[in-house]
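**Student:** Sequence:
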Amino acid sequence: MSGAPTGLFINYPDPRAHDVPYKAPPPGKNPVIKGLVLHYLSYVATSVPFLPSLLWSNAGFNLLRNLKELDNIEALYNPAVIPISRPGEEAPASYTSVSNLRAPPQSPASGRFYTVADFHNAYKTGKLTPSEVAEALLPLIRRDVEKRSPHSTAFVDTKVELVRSAAEASTRRWKEGKPLGALDGVPFAIKDEMDFEGYKRYCGTSHDYTEGRDTASSWCAKKIAEEGAVFMGKLSMHELGLDTTNNNLTWGTPLNPYNDRYYCGGSSGGAAYAVASGLVPFAIGSDGGGSVRIPSNFCGLYGLKPSHGRVSTAPLIQFANTTVVQGPLASNMADLEISYRVLAQPDPSHPVSRQFAPPRPLSAPGNKILGICKPWFDRAEPVVQEACNSALQYLTSELGYQIIDITLPFTHEGQLAHAMTILSEAATAQPSTAGLSPANKILLKVGASTPARDFLLAQRLRNLIMQHLAHLFQTHPGLIIVTPTTPTVGWPIGDGELAYGVSDGNTQVRTMEYVWLANFTGVPCIQFPVGYVDGVQGKGKVPVGLMGHGEWGSEDSLIEFGFDGERWVGEGLKGGRLRPEGWVDVLKS
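In terms of full-length UniProt numbering, the sequence shown has 224 at position 224, counting the first letter as 1, and numbering is strictly consecutive.
If you are wondering where the hints come from, they were derived from the structure by calculation, not from laboratory data.
In this text the structure is predicted, and so the values were computed from the model without any measurement.
A portion of the hints provided could be inaccurate.
Stated by the list, open to error - Lysine-lysine pairs mimicking DSBU-like chemistry, simulated, CA-CA at most 30 Å apart:
(1) K159 with K178
(2) K124 with K200
(3) K34 with K539
(4) K541 with K588
(5) K127 with K588
(6) K200 with K159
(7) K159 with K574
(8) K541 with K374
(9) K222 with K200
(10) K127 with K200
(11) K574 with K374
(12) K539 with K175
(13) K178 with K588
(14) K34 with K541
(15) K178 with K124
(16) K588 with K222
Taking the hints into account, I'd like the entire structure generated from these sequences.
**Tutor:** Below is the structure:
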C-alpha cells in the first residue's frame, strides 16, 4: 500500500462499495435575509414553537427518511480511524530542524511570501531580532490603541507584555547562539476558539467562555510555543464557527486581502487574513465544515484538515466534536508541513491523539493516483473547473499522476447529514441563544429541532459513505480524491451585510459542497491555490483552490501532494503566485 498508511487500523470501516447513481441536488429554497428583517425573524424563531421545525424541513433535512439503502446500516457516531503504530516507531528527534525545511518554488518578487526559513535566516544573520519583529507587528494588530490599523480587525486580543516577554526570551537565545529550532522567534497566532494561557476565549461572541478562570493553553498552541515561536494573539472567527463568511457583528469582519469586496471565508477568517496579509507565516485554525480550507481557498493559502482525532483538541471540548479538528493555515507548503508536524505530536492526555503514530515524512514515494467523481466535480463554476483542470493537467503531464474515475454515493444527502450533525451538536453545546447574532439564533434553533430519528439516519449515512471510501482506498492504494475546494469564486460582500449580518443558507450550502466530506468521514484533506480569477466586484483577483482527500492517517502523503501543487503555482501557472496589494513586509529592515 505505497503512499497510504501501512499495517492495521483501529476502527477501519468495512470496505463496501455503494454504487448509487449520482443525482444533482435540487435548487435551494432558503431565503436570503438581512438587516432588520433578520433581526425580527430571529426573535420570532426563538419565540414561536413551530417555526424552527418549519425551517428545518424547508432546508431538506428530512430527505434521509427516503433512503432505503440505510435500512441495514449501523449508525456510526465517531469517524476517528487510527493507523496502529509500527513496532519501534518513535518520534523524530526534532520536528523543527532547519535542515528539514524545504524551499518553496521560485516566484516573482511580487508574489513571494516570507517563510519560516526567512525569519530564521534574518535572526541567524543578525539582520533582525525577534523583539524587533514583534515591535513592528504590535502597532498593526493591537485593538487597545486610539488609532487602530485595519489589520487589527483580524485580531481579538493581543497581550503586549506577553508578546514582548516571549520575543525577548527568543532574542536572548539567539544572542547566546542557542535557538530552539526553526520556529524560534517566528510569530504565530491562533483562532479564538482555542485557549492560550493569559487570554480569554470568546469563540467569536461577546461571551467570555473562560468565565474569569485561568486557562491552560490548547495542545496545538502549547506545542508551537514550546518551540520558541512568539504568540501574537487570538484571531477573529465567525461567531461559534457557524458559517463560512467570517462576518462578525461583535468583533468586526476582516476583508479579503486580495479583494476587499469579498469575505475572507470562515470560520477561521482571521487566521487566513493574518497569513495572507504577511503578518504571520502560519496560524492555527479549526475545521468542522471547511473552516480551515475555505478561508485558505478564499485567501490563496495552504490549509490542512487532519484526520479526525489526529491533532489533540485538549483541553477544550469542541462545539461539534464528531466533525471538528484543528489544523494549520500557511503561506507555503514548507510552513504548513513544519507547523502540522509540531501540533500533531501525540497527546498522552487525549484518548484518540495518543493512539496515532508520531508524524513523520514518507520514507518512500507513494502511488500518484487521483480519483475524480466527475459529475460532482463538474458542479463547480466553469472558471473554477478551468483553474483546477489546468493544475491537474500539469500534475499528470509533468509529475506522473494518474487520474481515475470514481463514484461517491449520496453527495447531496451526505452534505445534509453533515449539516444536521454539526448543527445538532452545536445546539446541544450552546443551549442558550442569548447575546448571539440574529443569524446564529436561527441556526441553533433549527439545529435543536432535529428529531432523534433523523439524527440517527445521518449517522447511518456517515457509516455508509465511510464504507465506500474504505472500498476505494483499499482498491486503489494511495488514492487521493480531488475536488475544487469550493464550487464558487469566493463570496462577495453584499450591501449592508457588514453592519447587520446576513443569513444566506443557499450560498452557505453551495460553498460547502465539497468540504463536508472530510469532516463527516474523518479523512484528512489538504487545500492549495491553483489560480486567480477576476471578481464580480471590487478590485483585485480572487484565488481559486483545489483539495485532495486521503485515506485516514495519510497526512504525510497529502503533504507531498501539496508540495506538487505548489510546483504548479510556481512553475506552471501563468504569472505565478500573486501576493495581495496590501501585503506587509514584516522583515523589512
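**Student:** All the hints need checking, so say for each whether the structure fits it.
**Tutor:** Results of checking the hints against the structure:
1. With a C-alpha separation of about 26 Å, the suggested pair K159 and K178 falls inside the 30 Å cut-off, and the hint holds.
2. Distance check on the hinted pair: K124 and K200 sit about 34 Å apart at the alpha-carbon level, beyond 30 Å; violated.
3. A C-alpha spacing of about 25 Å is found between K34 and K539, which places the hinted pair at or below 30 Å, so the restraint holds.
4. Of the supplied pair hints, the one linking K541 and K588 holds, its CA atoms being roughly 25 Å apart against a limit of 30 Å.
5. At roughly 9 Å between alpha-carbon atoms, K127 and K588 fall within 30 Å of each other, so this suggested pair holds.
6. Only pairs whose Cα atoms come within 30 Å are accepted, and K200 paired with K159 is accepted, the gap being roughly 11 Å.
7. For the hint linking K159 to K574, the alpha-carbon distance of about 42 Å lies beyond 30 Å, and the restraint is violated.
8. For the hint linking K541 to K374, the alpha-carbon distance of about 27 Å falls within 30 Å, and the restraint holds.
9. With a CA separation close to 15 Å, the supplied pair K222 and K200 stays within the 30 Å bound.
10. At roughly 35 Å between alpha-carbon atoms, K127 and K200 are farther apart than 30 Å, so this suggested pair is violated.
11. Using a Cα cut-off of 30 Å, the hinted pair K574 and K374 holds, with the two alpha carbons roughly 26 Å apart.
12. Between K539 and K175 the CA atoms are separated by roughly 44 Å; this puts the pair beyond 30 Å, and the hint is violated.
13. Proposed proximity of K178 and K588 is supported: the alpha carbons are some 24 Å apart, at most 30 Å.
14. In summary, the hint linking K34 to K541 is supported, as the alpha carbons are separated by about 27 Å, within the 30 Å threshold.
15. With a C-alpha separation of about 11 Å, the suggested pair K178 and K124 falls inside the 30 Å cut-off, and the hint holds.
16. Proximity of K588 to K222 is assessed by CA-CA distance (about 29 Å); at most 30 Å being required, the pair is judged to hold.
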